[in-house]
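K.L.:
The lines below spell out each chain.
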Amino acid sequence: MRTRGKAPVLVLGVGNALLRDDGVGLRLLSDLSPEGRSWDAEIEFLDGGTQGLALLGRIAGRRALLILDAVNLGAAPGTVHVLREWRDCAARSATAHESNVSELLAVSTLLGECPEKVAIVGIEPHRIATGMELSDPVARALPAALEAARGLLLELTEAAVPEVERGRKPVDSFGPMVIPFGMR
Amino acid sequence: MARRVVVDPVTRIEGHLRIEAVLDDRGVIRDAISSGTMWRGLEVILQGRDPREAWAFCERICGVCTTVHALASVRSVENALKIQVPRNADHIRNIMALTQMVQDHVMHFYHLHALDWVDVVSALKADPAATATLAQKVSPDWPTASPGYFREIQATVKKFVDSGQLGIFANAYWGHPAYKMPPEANLMAVAHYLEALQWQKEIIKIHTIFGGKNPHPNYLVGGMACAISMQGDHAINIERLNQVRDLITEARRVVEGLYVPDLLAVASFYPEWTKLGGGLGNYMSYGDIPQNGIDDPAHYRFPRGIVVGRDLSHVLPVDPTDSGQVREEVAHSWYDYPQGKDALHPWEGVTKARYTGPKAPYQQLDENAKYSWLKAPRWKGLPMEVGPLARVLVGYAGGRSDFKEVVSEALGRLKLPPAALFSTMGRTAARGLETRLAVRWLAEEYDSLVANIKAGDTATANTKRWEPESWPADVKGCGFCEAPRGALGHWVHIAAGKIANYQIVVPSTWNASPKDGKGQHGAYEAALLDTPMADPERPIEILRTIHSFDPCLACASHVIGPNGRKLAEVVVR
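If you read the sequences in order, they're chains U and P. For the record, in the first sequence the residue sitting at position 155 is 200 according to this note's numbering, with numbers rising by one throughout. For the record, in the second sequence the residue sitting at position 4 is 33 according to this note's numbering, with numbers rising by one throughout.
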């Protein structure tokens with residue numbers, strides 16, 4: 046039976062689906078979350094859109110957090126990034142609208158609420174422009190990114206949810222929820 | 030010899046803004062350019078669409094100042110079709126608008142503006158016991174103020190800063206001589222900043238209760254899309270009303286116990302900023318928060334009016350439907366107007382973009398040519414400042430007792446004359462003062478809503494003119510509201526049941542406006558003039574004044590990046 050309160054593991058997809066590759070995190074989330082039905086009911090999937098600091102309450106109280114997003118590290122477009130140390134990314138966004146994940150995690154840390162285990166899986170974007178379609182290099186990278194996310198999710202869940210709480214059959218009607226916040 | 034300071038992008042705002050300031054040889058700003066990008070694509074997207082859904086598109090102009098465009102949009106359609114919304118809908122809309130304003134203003138102060146006045150790194154040198162003494166004096170009604178509490182906050186911030194990454198504290202000029210607050214005041218402010226961050230996600234639940242979600246809660250032409258029923262699980266029932274009441278009470282505690290005391294404390298350390306950044310001296314408010322329906326401006330909580338030339342003895346009337354009043358010019362804007370037209374009222378508005386500026390990357394813009402993506406709105410040819418200071422001055426000048434009360438109290442505490450309001454600090458203080466009024470009004474609107482429900486009225490929408498068959502063939506409407514940043518207007522032309530034309534003039538267009546055909550500066554530009562800069566390489570003075578306006582321009586993209594450079598630019602035409 047699912048424990049009361051928040052699921053200990055949160056998979057958070059963020060991005061702007063109206064700005065092409067900027068929304069790749071949301072695409073990864075929607076590809077990953079149906080698989081959640083075969084996982085423990087201890088994982089919550091959430092579309093955080095571009096909500097920025099409004100997500101503070103959502104990530105608090107978790108033992109592990111997996112973020113799916115576009116990640117720009119100056120690599121070739123379509124490169125899949127797996128970040129276990131989010132502090133490597135600058136926590137500075139130029140405007141209040143640049144709902145920057147680094148800033149979210151930095152503020153969460155300051156408030157003493159950041160989950161102990163945080164990892165980010167992302168794809169280096171190619172085109173940030175108005176539109177709904179992912180660019181070719183990014184679309185081609187989806188399977189590899191999904192594979193990486195799957196693996197990381199398993200790792201995070203095993204670390205976050207002790208043996209004694211696991212091994213329960215998922216209840217079908219109680220599957221993880223995908224709550225759409227952003228525009229699709 | 031003239032020096033030119035370029036700040037691009039201006040950080041800790043919404044959107045993309047570039048400021049260029051020309052300094053004389055004593056480092057005083059003598060000329061200024063405000064250049065911005067602006068999402069105006071909505072006007073094209075809405076062409077040919079059903080006016081009943083325009084609000085949903087418009088609301089997406091901005092997710093930070095959410096609700097305001099939805100409200101102005103439904104009002105414009107209701108105005109065109111002569112639809113009167115039920116009392117409850119007005120109360121609910123008022124509650125949502127005031128909720129937005131309160132959350133927005135508190136967050137602006139702590140998250141966007143405070144770092145111009147508060148030196149976070151200095152907070153690390155503070156004595157926690159002395160900080161506790163200060164905090165207990167400044168905000169006696171705030172419970173967390175012990176030495177242990179401040180010691181803990183200080184240790185947390187130290188760990189953060191020591192990790193090498195200033196993070197959210199990065200966009201400021203630490204150690205600049207312009208910071209005047211002692212370390213204890215800085216530590217207190219940082220602690221309160223963190224408290225405000227915790228609180229801001231709570232108050233916004235009011236939007237979720239009445240509007241289904243936040244950002245972008247749902248509105249409806251004719252009223253609000255929520256049902257009131259004491260029996261329903263999914264309606265606005267007793268439980269939800271109680272939740273709203275509790276959130277309002279908490280908001281009042283935060284505003285009166287935390288935000289306003291901190292604001293006045295900060296103001297007391299920077300008296301010279303009550304003489305800088307005044308700017309235009311012209312203020313405009315469309316008025317808002319109707320008590321007796323939108324067609325009765327005499328009973329708006331925020332009064333409608335205009336003050337010109339800092340003359341508080343006269344409040345002039347304003348009518349956004351009058352084609353001789355509000356008009357937009359493009360003399361210094363990257364748009365083309367039809368031959369022979371210099372200024373257009375929004376009902377005749379034309380958005381034809383044509384970029385004639387320098388090719389990027391460029392060193393500077395040409396103040397004698399076109400230099401901004403913002404048009405220049407003018408009222409009877411005059412540039413206007415809109416926003417909290419405009420609203421407070423219009424209320425004060427109009428003799429409204431509640432406005433006079435909060436203004437006099439603040440001026441009394443700081444021992445300042447009314448002239449101090451015409452400044453960067455005055456603008457910043459006005460934001461806090463109107464928030465004091467807003468939390469009071471929130472409680473009153475809530476009480477009125479509950480009284481109405483108790484009297485048996487649970488209507489939230491008027492659907493009598495929902496069907497296009499009931500509409501005139503060709504009709505125009507104007508919807509407006511006083512958004513947190515100022516006067517916002519939507520003008521719609523509906524023909525054969527569809528939107529034929531739609532124009533939006535937002536508060537930051539007024540404030541960030543470039544010069545007009547007569548060379549008159551917009552509000553930001555005017556406010557920067559005559560400001561001395563201590564160190565042009567660290568333009569904190571520019572940031573202090575620009576931030577006092579709480580700019581909100583376009584929506585930029587977001588991508589996690591390596592070292593904080595501007596990561597991607599989306600220029601929207």
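Keep in mind the hints are simulated off the structure, nothing from the lab. A couple of the hints might just be wrong.
As the list claims (entries may be wrong) - One side only, chain P facing chain U, incomplete, derived with CB under 8 angstroms: (1) T185; (2) F189; (3) V190; (4) A225; (5) L226; (6) K230; (7) N530.
All residues carry an ideal CB built from backbone N, CA and C; glycine is no exception.
K.L.:
Give a verdict on every hint.
P.N.:
Checked hints:
Because the beta carbon of T185(P) sits about 6 angstroms from the nearest beta carbon in chain U, less than 8 angstroms, this interface hint is met. For the restraint placing F189(P) at the interface with chain U, the shortest Cβ-Cβ distance is roughly 6 angstroms, inside the 8 angstroms limit, so the hint holds. For V190(P), the interface hint is violated, since its Cβ never comes within 8 angstroms of a Cβ in chain U; the closest pair sits about 10 angstroms apart. At a threshold of 8 angstroms, the smallest CB-CB gap from A225(P) to chain U is about 11 angstroms, leaving the interface hint violated.
The beta carbon of L226(P) is positioned within 8 angstroms of a beta carbon in chain U (closest approach about 6 angstroms), and the interface hint is therefore held. Look at K230(P): its Cβ gets to within about 5 angstroms of chain U, closer than 8 angstroms, so that hint holds up. Residue-level restraint check for N530(P) is violated (minimum Cβ-Cβ distance to chain U is 22 angstroms; threshold 8 angstroms).
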